[in-house]
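If you read the sequences in order, they're chains L and A. For reference, each letter of the first sequence is one residue, going 1 to 253 in the numbering used here. For reference, each letter of the second sequence is one residue, going 1001 to 1268 in the numbering used here.
There could be a bad hint or two in this list.
Stated by the list, open to error - Here are the in silico distance ranges between beta carbons for each label pair: (1) L/K174 / A/N1153: 51 to 61 Å; (2) L/K205 / A/E1089: 54 to 64 Å; (3) L/E104 / A/E1224: 54 to 64 Å; (4) L/G19 / A/R1143: 29 to 39 Å; (5) A/C1126 / L/D202: 49 to 59 Å; (6) L/Q102 / A/N1166: 40 to 50 Å; (7) A/C1126 / L/K199: 26 to 36 Å; (8) A/N1166 / L/S11: 44 to 54 Å; (9) L/K29 / A/R1178: 39 to 49 Å; (10) L/E233 / A/Q1118: 25 to 35 Å; (11) A/W1140 / L/Y87: 47 to 57 Å.
To be verified - In silico lysine to any residue, SDA-like type, Cα no more than 20 Å apart, as pairs: (12) A/K1119 / L/E104; (13) L/K72 / A/K1093; (14) A/K1093 / L/G221; (15) L/K72 / A/K1133; (16) A/K1113 / L/V129; (17) A/K1096 / L/T220; (18) L/K29 / L/V129; (19) A/K1096 / L/G222; (20) A/K1113 / L/N98; (21) L/K207 / L/T182; (22) A/K1119 / L/F103; (23) A/K1093 / L/R100; (24) L/K205 / L/S56; (25) L/K29 / L/S158; (26) A/K1093 / A/V1249; (27) L/K72 / A/M1120; (28) A/K1133 / A/G1246; (29) A/K1093 / A/S1053; (30) A/K1096 / L/G221.
Simulated from the structure, these hints should not be mistaken for laboratory data. Beta carbons are placed, not taken as given, at the ideal position from N, Cα and C, and that holds for glycine.
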Amino acid sequence: MSTIGTGYDLSASQFSPDGRVFQIDYASKAVEKSGTVIGIRGKDAVVLAVEKIITSKLYEPDAGGRIFTIEKNIGMAVAGLVADGNYVADIARQEAANYRQQFEQAIPLKHLCDRVAGYVHAYTLYSAVRPFGLSIILASWDEVEGPQLYKIEPSGSSFGYFACASGKAKQLAKTEMEKLKTDMRTDELVESAGEIIYKVHDELKDKDFRFEMGLVGRVTGGLHLINPSELTEKARKAGDAANKEEDSDNETH
Amino acid sequence: MLNNYNSLAQPMWQNGPAPGAFYNFTGGQTPVQQLPRELTTVGPYGTKHSTASSTTGTSVLGIRYDSGVMLAADTLVSYGSMARYQNIERVFKINKNILLGGSGDFADIQSIKRNIDQKMIEDQCCDDNIEMKPKSLASWMTRVLYNRRSRMNPLYIDVVVGGVDNEGTPYLANVDLRGRSYEDYVVATGFARHLAIPLVREKKPKDRDFTAVEASELIRTCMEVLYYRDTRNISQYTVGVCSVNGCGVEGPFQVNENWTFAETIKGY
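Make a model of the complete structure from these sequences and hints.
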């Protein structure tokens, strides 16, 4: 691994002879080490779910949260370096606030995604800064546009999705998600999210984890809520049930 | 300084400050503090700002009762003596604990309300399900209005802030354009201060708070009296109610006009 990019990987302002910017690839590696994050779009809600790996029993239960509220109806989940996540969440909030100040309405998600992706991309152009080690999943719901889901990669490229995943068990999660049907009802959506996170969690490698989710949709009155009690319980139960043959003693609530 | 477009006032001395500008006596070591735009000289003839309001809202009345508060205001925004915008909400639900009733210059009300709405979104982004309390908002408004007034650029508004805190204790306050604030069981702005407050105080039972029914009746009576006597309102009004059971703005209601008493009046 240390010989692959030698000489061309020291700064983001350098291409390698085979046309890669290694710093961006390394940023993706940081993302791949983090706990899994998924987003699924349903009929009238979008759910974001996080496998939050707990590295110490001394943390408070809500410490190290990877889901953020950006606007009334917009939620964001990150995979990768959480410190970078806090920073980009703040940038996204500022973008949303500026848009609201100009246009007196909530920022459309496509627009926010373009702005945040542009911001992330800007940090891949210069040697003075490093790219963000983040994969960002944005979700929103409103009466007119319905549910929307976008993901931004460390390179700054972004796409819209029906369902997307990032982090450790990204491939496994994607395989599971391909089995899902589109336009699910909110309760099915939330249960699917729980099942997928619990299934892809690797019991042997990371013992303690906490399931967290963000939900925005008609059922939440158009507001982005983090760990709404009833639906989060439902998701956890569904996850537990899907995993009943495995040892689930290691899970912390 | 060399190109002096200010033909009305010549510079007092060479390399000196233009009228209205500040002179840096420290010889250029420390830069002059950037003044807010409204105090710096701009344009060829300097700045002139007026504290006159253009579009205005009239009285707002607030009454505190045993389990909450009620705020009432008519739905008119006047343009001088013209009844220009006749269907405008002037009582706003800020969050589940707070109601705000705005009177005075309506552009200033809209401006500060936008600012407050953004504050509420920031609260929501903290993800702790904690919403601002009415006393906190009233305190913030007091500071903003006082500072603006002290810089000779006021927000020309008179607002009623009402609501309940987490334990359900009702709160009612009035904050004005000078940054003066006070709490009481009845507060009002504009004409309601002179006509409605005495009416409500007269009806106040000595040993207890109003009940919701009494408060509601008083609002109805006061809005009626105001409609007879204030010449800058209309008969349609909305009422905000905030208690532990919920917070919302109801209406619009119509004043139950009864002008038969007019015949009995001789003179004014």
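Hints, one by one, checked against the model:
| no. | hint | verdict |
| --- | --- | --- |
| 1 | L/K174 / A/N1153: 51 to 61 Å | 57 Å, holds |
| 2 | L/K205 / A/E1089: 54 to 64 Å | 57 Å, holds |
| 3 | L/E104 / A/E1224: 54 to 64 Å | 35 Å, violated |
| 4 | L/G19 / A/R1143: 29 to 39 Å | 57 Å, violated |
| 5 | A/C1126 / L/D202: 49 to 59 Å | 32 Å, violated |
| 6 | L/Q102 / A/N1166: 40 to 50 Å | 34 Å, violated |
| 7 | A/C1126 / L/K199: 26 to 36 Å | 32 Å, holds |
| 8 | A/N1166 / L/S11: 44 to 54 Å | 52 Å, holds |
| 9 | L/K29 / A/R1178: 39 to 49 Å | 60 Å, violated |
| 10 | L/E233 / A/Q1118: 25 to 35 Å | 33 Å, holds |
| 11 | A/W1140 / L/Y87: 47 to 57 Å | 27 Å, violated |
| 12 | A/K1119 / L/E104 | 14 Å, holds |
| 13 | L/K72 / A/K1093 | 16 Å, holds |
| 14 | A/K1093 / L/G221 | 16 Å, holds |
| 15 | L/K72 / A/K1133 | 19 Å, holds |
| 16 | A/K1113 / L/V129 | 39 Å, violated |
| 17 | A/K1096 / L/T220 | 16 Å, holds |
| 18 | L/K29 / L/V129 | 17 Å, holds |
| 19 | A/K1096 / L/G222 | 16 Å, holds |
| 20 | A/K1113 / L/N98 | 15 Å, holds |
| 21 | L/K207 / L/T182 | 32 Å, violated |
| 22 | A/K1119 / L/F103 | 17 Å, holds |
| 23 | A/K1093 / L/R100 | 18 Å, holds |
| 24 | L/K205 / L/S56 | 14 Å, holds |
| 25 | L/K29 / L/S158 | 18 Å, holds |
| 26 | A/K1093 / A/V1249 | 7 Å, holds |
| 27 | L/K72 / A/M1120 | 9 Å, holds |
| 28 | A/K1133 / A/G1246 | 14 Å, holds |
| 29 | A/K1093 / A/S1053 | 24 Å, violated |
| 30 | A/K1096 / L/G221 | 14 Å, holds |
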